[in-house]
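Here is how the chains run, residue by residue.
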Amino acid sequence: MIATLTDFGNSEYLGAMKGVIRSISFDADIIDLYNDVAPQSVRQAAWVLLSNYACFPKGALFLCIVDPGVGTDRKALAVQTKSYTFIAPDNGLIYPAAQKDGITSVISITIPKDASRTFHGRDIFAKAAAKLDSGHGIASLGKPAKTIQPLHFHKKGREGEVVRIDHFGNIITNLSCLPGEKRYAATLGKEKMNLPFYATYAEAKSDELFLIEGSARTLEISVKSGSAKQKLHPKIGEHIRIIGMQRGNIPGAEGGVLRGVFLKK
Amino acid sequence: MIATLTDFGNSEYLGAMKGVIRSISFDADIIDLYNDVAPQSVRQAAWVLLSNYACFPKGALFLCIVDPGVGTDRKALAVQTKSYTFIAPDNGLIYPAAQKDGITSVISITIPKDASRTFHGRDIFAKAAAKLDSGHGIASLGKPAKTIQPLHFHKKGREGEVVRIDHFGNIITNLSCLPGEKRYAATLGKEKMNLPFYATYAEAKSDELFLIEGSARTLEISVKSGSAKQKLHPKIGEHIRIIGMQRGNIPGAEGGVLRGVFLKK
Amino acid sequence: MIATLTDFGNSEYLGAMKGVIRSISFDADIIDLYNDVAPQSVRQAAWVLLSNYACFPKGALFLCIVDPGVGTDRKALAVQTKSYTFIAPDNGLIYPAAQKDGITSVISITIPKDASRTFHGRDIFAKAAAKLDSGHGIASLGKPAKTIQPLHFHKKGREGEVVRIDHFGNIITNLSCLPGEKRYAATLGKEKMNLPFYATYAEAKSDELFLIEGSARTLEISVKSGSAKQKLHPKIGEHIRIIGMQRGNIPGAEGGVLRGVFLKK
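Chains as they are written, first to last, in my numbering: chain A, 1 to 265; chain B, 1 to 265; chain C, 1 to 265.
Since the hints were derived computationally from the structure, they do not count as laboratory data.
In this text, a Cβ means the ideal position worked out from N, Cα and C, and glycines have one as well.
Errors might be hidden in some of the hints.
So, partial list: chain C residues that the calculated Cβ filter (under 10 Å) puts toward chain B [to be verified]:
(1) 16
(2) 18
(3) 39
(4) 144
(5) 147
(6) 148
(7) 151
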């Protein structure tokens, strides 16, 4: 099975890749993971992959194309991990997921000299995916690579980053919940907020900013029947600090002493 | 076959559900019915399902996730009808379609205590669909439910509602055409309109509001080479009255006596 | 295999067609080529088909629905070419691709009298595609057609047209690159531009308009980390002239004598 993750959005480029895959591996089974990554947002794609790859059956191949460096000398990678295969440009996109699953080998895919310099998704990566899907081993695609471009999401204590803004306008962070905590102080850019935590969307009041544990089991800023994105205008990768505010509830929680400093706007 | 109907839009949540389904039922055949329902518009999803389920082969399973009540105590349903299976939160979404096809059994799906409280699509509903797809019976998913949340589209004589606004800006109603009628009087909110009826889009003049029989065989307000939505700004569920205007053409047609009262803007 | 190309965008109409296909040909394998053609833009769809059909395996059937004339007496066509089958309304959409591959037979699909007059995609074309997919021959769909609606992209020397504006805002033309040329003079409407040519997106400066060889191996106007569409607001089908500017580099290149006339804005 081949799962696609691209920034091709509303374009024919995804369809062209599927055609190419099927021309090589006629019965390839292709599933769309997500193809509306913000154009060229390697970071957002990396988070989507990290937080969703494990939903897929073992043996799945992830074909990931967010490729601002297409046509330059950036490597084209095929990475084997403990349970999956990842094919992508070497720009960090697959690093967090592959690292988490456990990398076992990394191949630098051979790029033919006559390849187009603007659409490696179709001309290099789709063909490589189809070749593996039709039974070839990963080593047949090129030579072992000595390095892989890393990508780390910022995390230092209770400071993390905005890793994703979803279709509903939810602002997704890489920070975990503090068990039992009902109120948090959040700092995002110049914005300081005192936010309630709810277990479900239904508990929130309309138009109220609040925190919730999202589908990746991390904290998300949401607005019921609205869009947190439109209220806060965050950027992908922007740092965010979210600390608990209930003194005593969690021994040593950083938030306690700050009560009263953060103001709800 | 599993057909998806969700409000996940441009998000990875649909891809995650597909991954989960395939992890349980490896060769599950998944078709997208429609995944751009307006966020949380149970009503719009209910209409799309009602007017399209019968296009699918008998035996198809509809996995329907528009779920503003996720994480609350609203039930998760699996409904068997004469020819299909429907899986959805118990909020009315599947009621009109299931009722029309003929409900034979309703199961309240067991929700594990450790389920996430924000993404039952992935954690409850996709798993239930995959379990059925891989051969389990509906009774294996939980216990028989005693009730199901109804949802009725408003219809009283020639007054119905706006059930859907489509990609082209067509305003779709649940009112049928009057055979042979060439002109209608329509009341939508404060707007009173005298509208011609055309059999095809090609007959209309550019930029003109008109009525046509749409794909669900009900009346739609359209604009040729334009968007009726942008002219009239209707809301889903808003009541609309559309009566025939040709006196004598249809015995007892309500429209006749009103000729001259409605003004075309 | 059936590949879809439509202007249905974010609508349930594509899902309904897939349901209908599967009701007739239960294991039909359906791939989305592209379903976000601008509403009713036959011209744009024709280009997408022309520049992508050959990516698909031989024997593929293209189901193409951009159909402003639905319900009129325009023919419904099934066209057999050397390696593919095309099903579409007779409005030029499939002409360039079918012509290029080599037309071997053209059938006018019989339209039942009780067909809807607004959704032939579901009621005529999807059924025809499914019938062929399940093994019937093209002749079973109707009678041989004597004519087919042509569609030609404008091209006269170095003057061509804007054939497509993609998801990234790239303005795609049907003009080829001049080998070795590093600078072009382009005229688009009232806009006269002196544009550098780069082999890769990475070479361009941020926010700079430039030319690149796109995925169809034709010239595209691009902006790095931006949208050429938003800078130039071109229309599909608009004529564009792009000539080389390096005197002597290419013997007889038209651009040389004009150096100095075109001004970069």
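Please flag the earlier hints that this structure goes against, numbers listed from lowest up.
-> When the structure is compared with the hints, numbers 4, 5, 6 and 7 turn out to be violated.
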